[in-house]
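Student: Position chain B relative to chain A; hints supplied.
Next come the chains, spelled out residue by residue.
Protein chains: 2
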Amino acid sequence: MEANDKILLAHGSGGKLAHDLITKNFVTALDNEILSRMDDAAVFEAKGRLAFTTDSYVVNPIFFPGGDIGRLAVCGTVNDLSTSGAKALYLSLAFIIEEGFAVKDLQKIVASIKATATEAGVKIITGDTKVVNRGGADKIFINTAGLGAIADGVEISGINAKPGDKVIITGTIGDHGIAVLSQREGLGFETKLKSDVAPLGNMVAEMLKVSGKIHVLRDPTRGGLASTLNEIAKQAQVSIRLDESKIPIREEVNGACEMLGLDPLYVANEGKMIVIVSPEDADKVLKAIQKNVYGKNAAVIGDVASDHAGRVSLKTALGSSRIVDMLVGEPLPRIC
Amino acid sequence: MEANDKILLAHGSGGKLAHDLITKNFVTALDNEILSRMDDAAVFEAKGRLAFTTDSYVVNPIFFPGGDIGRLAVCGTVNDLSTSGAKALYLSLAFIIEEGFAVKDLQKIVASIKATATEAGVKIITGDTKVVNRGGADKIFINTAGLGAIADGVEISGINAKPGDKVIITGTIGDHGIAVLSQREGLGFETKLKSDVAPLGNMVAEMLKVSGKIHVLRDPTRGGLASTLNEIAKQAQVSIRLDESKIPIREEVNGACEMLGLDPLYVANEGKMIVIVSPEDADKVLKAIQKNVYGKNAAVIGDVASDHAGRVSLKTALGSSRIVDMLVGEPLPRIC
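Residue numbers (our numbering), protein chains in the order written: chain A, 1 to 336; chain B, 1001 to 1336.
Mixed in with the good hints, there may be bad ones.
[What the hints assert, rightly or not] Derived contacts from chain A toward chain B, CB cut-off under 8 Å, selection only:
1) 46
2) 138
3) 333
[As the list claims (entries may be wrong)] DSSO-like, lysine-lysine: derived pairs with alpha carbons at most 27 Å apart:
4) A/123 to B/1291
5) B/1123 to B/1047
6) A/16 to B/1234
7) B/1108 to A/47
8) A/6 to B/1104
9) B/1024 to A/234
10) A/123 to B/1047
11) A/16 to B/1166
12) B/1006 to A/139
13) A/315 to B/1016
14) A/16 to B/1246
15) B/1296 to B/1166
16) A/291 to A/234
17) B/1162 to A/234
18) A/16 to B/1296
19) A/16 to B/1315
20) A/234 to B/1194
21) A/114 to A/192
22) A/139 to B/1139
23) B/1123 to A/47
24) B/1194 to B/1291
25) B/1296 to A/209
26) B/1315 to A/246
27) A/24 to A/123
28) A/47 to B/1162
29) A/87 to B/1194
30) A/123 to B/1315
31) A/16 to A/104
32) B/1139 to B/1024
33) B/1114 to B/1315
34) A/139 to A/87
35) A/87 to B/1123
36) A/24 to B/1234
37) B/1139 to B/1104
38) A/162 to B/1296
The hints are simulated quantities; they were obtained by calculation from the structure and are not laboratory data. Since this is a predicted model, take the numbers as computed values, not measurements. Note that the Cβ used here is the ideal one computed from N, Cα and C, for glycine as well.
Pulled out of the complex, with its shape left as it was, chain A reads as follows (with noise of 0.2 Å):
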């Protein structure tokens, strides 16, 4: 197949364009010997605690400054498992394709899938292809599911916030969604700003090396950071306290977000980790976690108490408090 070909409808007919497509384009691209067998389930070995989790990815458009859909989609799903403290391992790999997709996007989307999940250290062993009439999809979507092995003895959930924790964010917040938002069409704004859209497995990793008490990991991608403390505030039935002056934010994100009318609490990230962790603990996963490349920026943004179960507040800048509810409408449809 030809880099100037286009997806036709044959690709995903389970025929010989099929075939071709799969064993030229992917199998060879993200050769391993699991995948290369080219049966329709993939079979490993495991033992223990295993996470699984998915995630559809649909973001517009589909190349963006510091991305692109597929390495979204491979550090979406790694992160997700990284939220249990996971390894990442395997990912499986099903993409959605409106006919007349440009091959040579294609391939740039496979080469970046390849060079995310090398980052990552996973393995994509099984996949699918479906093509969908012109008009029938909006260019190109895909899903991951993962897999990743959690180690004895870590316990991390949404449910494990415990009142004195303080919270912790690696870096500075709504750095994918403006960056996203900067391409769309009738939009545009000048920015340098990249998505942050990156792979955490190693930073979380590193944190877990020195810490036993890190009670709650999750990534604050749709919805922001207001609206997944949220989730866990209802889910541990806590309240979490934050301190908007320690929150990381980049200028060009404060700017575009004045412009647009956002709030950056809610606007998406993809390469950032709410980590909340006994207060004892705090200082060391900081340091850890500011000694990985993604990881410069994090700073301690504020602490779980026992009043108001399920509230979010924020004290200002000036010193007064108000409550950061959920997001509430999709000022950002398409962001991942």
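Tutor: Chain B alone, transformed into the frame defined by chain A:
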């Protein structure tokens, strides 16, 4: 949320409406102790060999005689696990929904998923919901990934077909494809035919109980019996010889195929399995299949030979022989 409501972009936002949709419609309906923790990754204990597979479902229309996209999304993935001899354990469930989709249709689909998962004995333990703008996707797409456990001693793969083996099909071919096509605008024709969509895990377990010499299992979905057998012939470097007079096929399917200019050998099935087994066990495996509710019309339809590696041939009802290639082109887009 009321049944006459529509899905909004905000239902995919990660915010309040998304949280409500997921807790009230998905977690409650699909209730199990892992899913209801509401973490980003589901955690379970595993030991031994696991099978892992994924498929996206883009069938059009989403409700068709004998099934719907929800039943299809469970059966397709459960059956792919069965092709490795695995007992299906867990599924992930990811929706991509078009803005404006009727909530009552989503509820019908979730109820169908629940009923089919119960029938198949699998739990849905993790999920995702994305909503795209009107026109960004056609109604609803579903991805399921699945995990299953493979018992010790079970070694089933497309590479294991051996000269002398018998080829069994577990029932009539083409029912799913023709049932879906009968509902297409412009193609509408009168038929009482229903899709065969069904979970085949129990049938496979019953086969494995009576024989340790099952070499290959494969469900002939997209591309039909012919394309799937071609894949196996290429994987195992053998030839497969079919006897046309033995292939079970309904009158309605034959009639519709004649009218539409289709060859039933290339029409999709969603409740059938190809079984390749040592000749000495073929009879007892066939009997075990025929006892299953989904296997009454099972038949031995051919055998495996060593000449012409990679070739599938058919002895026609008239006694001549012809080569049966992989599907070329795509007569049936969005059949699954």
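Student: When the hints from earlier in the document are held up against this structure, which numbers fail?
Tutor: Hints 4, 7, 8, 16, 17, 18, 20, 25, 26, 28, 29, 30, 33, 34, 38 not satisfied by this model.
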